[in-house]
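Colleague: Next come the chains, spelled out residue by residue.
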Amino acid sequence: MRPALILGLCLTGTALAAGLLSLIWTPWDPTALAVTQKLRPPSAAHWFGTDQLGRDIASMLMAGARTSLLVALVAVGIGAGVGVPLGLAAAARRGGALDGGLARLNDLIFAFPALVTAILLTASLGPSATNAVLAIGLFNIPVFARVARAGALSLWTLDYIRAARVAGKGRARISVEHIVPNIASLLIVQATIQFSLGILAEAGLSYVGLGAQPPTPSWGRMLAEAQTFVTLAPHVALFPGLAIVITVLGLNLLGDGLRDALDPRLRGRLT
Amino acid sequence: MNLLSVEGLRVTIGAQPVVENVSFTLAPGEIIGLVGESGSGKSMTALAIMGLLPEGARADGVVDFDGHQMLTLSEGALCALRGDAVGMIFQEPMTALNPLMTIGDQVAETLIVHGRMHRAQALRVARDRLDRVGLTADRFALSLYPHELSGGQRQRVAIAMAIALRPRLLIADEPTTALDVTTQAGVLDLLRDLARTEDMALILITHDLTVTANMADRVVVMKDGIVVEDRPTRALFCAPAQGYTRALLHAALPRPPGPATARTCDGPGRTATPAPLLSVQNASRAYHLPRPRLFALRPRIAAVQDVSFTLNAGEALGLVGPSGCGKSTLSRAILGLDPLDTGTITLAGVPIAPGIPPATRAAMQIVFQDPYSSFDPRQDVETLITEPFHSGGKPADWRDRAAAALQDVGLSPDDGRRFIHEFSGGQRQRIAIARALITRPRLIVLDEAVSALDVRVRVQVLNLLAALQASHGLAYLFISHDLSVVRSLTTRCLVMDAGRIVEDGPTPDILDHPRHPASQRLVAAVPQIPAHWFPAPTQEMPR
Amino acid sequence: MARYLLIRSFALMLSLLAASVVVFVAIEVVPGDPASYMLGMNAAPDTVAALRDQLGLDQPLMWRYLHWIGGMLHGDFGTSYTYKVPVAGLIADRLALTLPLAGLALGLSTALAVPLGLIAAAQRGKALDTVVMGVAQLGISVPNFWFAMLLVLLFALHWQVLPAGGFPGWSDPVAGLRALILPAVALALPQAAILARVLRAALIETLAQDYIRTARAKGLNRRQTLTRHALRNALIPVLTILGMQCAFLIAGAIIIENVFYLPGLGRLIFQAITQRDLIVVESGVMLLVIAVIAVSFVTDLTYALVDPRLRGSA
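Same order as they appear, the protein sequences are chains F, S and G. FYI, this note's numbering numbers position 199 of the first sequence as 201, with every residue one higher than the one before it. FYI, this note's numbering numbers position 540 of the second sequence as 673, with every residue one higher than the one before it. FYI, this note's numbering numbers position 272 of the third sequence as 282, with every residue one higher than the one before it.
Okay, chain F solo, but in the shape it has when bound:
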């Protein structure tokens, strides 16, 4: 295996493990205030120090991992769950009504970056983590639809698809049996990329107050709250940022590694 892939797996695994572990155990209660202990630098008791309200930063980061990963994961689920079937259906009848409609829908959704959607949702419904999930997920839909459509289109011209049609298989069945397995690697790589972009987007939205609301722990909001104290205690801003970088870097390395490992051009005529 390639070193980048291993490093990616390790970093992503660390973030995932921290998030899962926080469900049953954190060093301190991430929501417990201890004003006397505020802005303490890293120590044996508080590995990453404490914030302006005396909360343990390490514990908050673990709990925040849960929020970040969950938001990004659900957003990828929404994007892939809606986008992939749309893209497959559009490719199955190239130039058909659905194909044209999908192109227009993609144009429309691309006009609403996640931040703009989140602004709209927050303005009309009030702030919540659900807004962030919806805003990021919605923007993922055309991304997955495009990848699925492009991958499927290149396969639909191949003779083995014609062979399946001669065997009497319908377009939906061909899409499931022959197209999906052969574009799975493309989709997995895209999902990894969208996952990492989702974590960045969630952090950004929480930072400007459009995402997770207190007391839900969130890396982005930790940074927003840290901003005022950054001159007094840089560690308050340093560690949440590093947590984001490590997770996103891990996912990006994983995505690149998977692309290289799954790219048919690098495997000769295997696929």
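Calculated directly from the structure, the hints in this document are not laboratory data. Be a bit skeptical, because a hint or two may be false.
[As the list claims (entries may be wrong)] Facing chain F, a subset of chain S residues (Cβ under 8 Å, in silico): (1) L470; (2) I499; (3) F508; (4) H523.
Every value quoted in this text rests on a predicted model; they were computed, and no experiment measured them. Here a beta-carbon is modelled for each residue, glycine too, at the ideal position from N, C-alpha and C.
Following the hints, put chains S and G in place on chain F, whose structure we already have.
Modeller: Then chains S and G, alone, in the frame of chain F:
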């Protein structure tokens, strides 16, 4: 004095040798054919001469071109020679030209990068060179882009680029392999004519021995990276010294249709009077083209016009025509993949239209051209070849049927558990035939089924098809742009041109005495080996 | 080309129309009664009634939508409820900061990414390529607002060479520009990393094409092949990313404004959300959406300029 001499050329990619100890010479103005099957090292030899080997490849030995040591020359000196003293054209005309540059600029670029002239002057020369390769100013303006040209026209642009500075050597790497037969003939004529009139030596690299017969002064045959034979063309054709050359030549010879004719009157499961199995009546299909202007009507192109014919049970019928003549559209309609506008198609009396009953669907199978794209790479061979059972449901003995089908095409039943990338091109085409046999069909459509295979493998597959026809009582509809391959397998032949059937008759008659101009063009386009060159058949000839 | 232009313009209009409906529905329909929503629970009934009257809430939806669109076409974006001034002027003031910021970041990221992508592709597999791509890998993993905080820590607080935040206005262009340097760098670096990676990948893909081999056979050297043939062909995928980046830069600028306390469009919108000034939010968001759609329209046109194959078709 030789223009080019190659001595002990050895090319390795990593630790893998792909060319071993290759030596040959080329006199000024001489044409040699460099012939070999895929993987024989012929293209690597050419790229080594040009100094254009892919990254990771290295060449040793001596390549002396007009006094220049090409293997040790600096990159700058090589760049000065390339395009000026030596030009090269490649196999795939569809991708060989920069899609974003006009053809005029691409031809002129050769003149400009060698510092000979400014753009305006270079464009004037480019015009002249494009005229020379048959792309005349009235139809082919310099401002055209590659996507506005056909494959044959693009290959002519590539030739114009390569000869812009009248090089002393032109290397043509499979220049016609991607073109259909009629286009191929035109491009070959042009290359020969250029070599003769412009005093340019030509290395014609090809997998097809027949192509060299009327072109080359000398033929160099390569196999597995080494030269197996290097002799004047006529001597090589009349009396090939090496078994391998003989096998190649034998495979390339037009074969008598004898056995197929003999088979038409017997074979299992057939009645004495031939019954029409497939009947096509007045079939027509038109397509809309994109609007030329925004509010113009969409023009229609008639792909198939009023086509009628019948195919009897157990008969092998050829359907021949140039690219774009409508044979693909017709075959899709026959397979029930696309509807007709008007007309009817029946198979054993059942009308063919989308939603065919399973039994009829199973009675008709297809073998495609490209053995590499014909199979889903993620399924094992057994799953692949039993796919045609889909419409009618898998019979209880489907595993036995799959094993039997694999044995029928000369493979082992154990191959069913392997994946398609483990097989060679020829083996894949056998698997494609096994897939077509599995439902015990009455008709198999062979869509250019041997066109992508090396000549020796092609003969083996054609022999297999002939044997299966006899043993299984199959009817074939053999679609091809190449007349030479239908000769051996079919008894009757249809010639299609511009959407219509223009000739219908016994295959030998059409091949030997074509009446319609379209048929005559097709026949004339097939590279011919002069009849008196044929070697006498000998016992040792491998089949 | 005329045909392509017409079809793309039609698609542009369609997108704008659909987007405006989405914004209108989200702001004026989803909250129920926007007037009570804006004024909160404890508002006096006659205040609510006055606002309802100002917003024309008693009119049918269709009328309100057309009124809003018609107003915007005339440059009338309504009157801010909190600031009591026309929204158009308010937004124009803020754009004087956000647009230069986004433009500066776009220019900076392109100026950085193109040479880096070219070098990495030309040196593919060598040490320099590995280093450049390693830094780029890190660059795309850094959230720009956190990177901005680090920049402030270093350049404004530690070395004290640039202002930590705030904006003095354009009356002193040098001071104005100085205030935008750190925000622009924070925005540009992660974008440059993405762009450099895409450019490198596109160049490597293009360099493997048959026509590159043809160009080499014509006698072009590696550098000529790269600049005369590969670069223009590689531009097509790069344009796609560049178009999307503009959208992200606009969104990113809004977030970065928060780090540097810059009075741009983003701060305006966020304050309006807090103050429930839906009139400002509606127009501000619509403007953002128009900007994104316009950028993708320009990207489409640039495609056609680069690629002759597109000009004949839709």
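Colleague: Each hint needs a verdict: does it hold in this structure or not?
Modeller: Results of checking the hints against the structure:
1. Hint on L470(S) holds. Least Cβ distance to chain F is approximately 6 Å, under the 8 Å limit.
2. Below 8 Å, beta-carbon pairs count as interface contacts, and I499(S) has one with chain F at about 5 Å; its hint therefore holds.
3. Below 8 Å, beta-carbon pairs count as interface contacts, and F508(S) has one with chain F at about 5 Å; its hint therefore holds.
4. The beta carbon of H523(S) comes within 4 Å of a beta carbon in chain F, closer than 8 Å, and the hint placing it at the interface holds.
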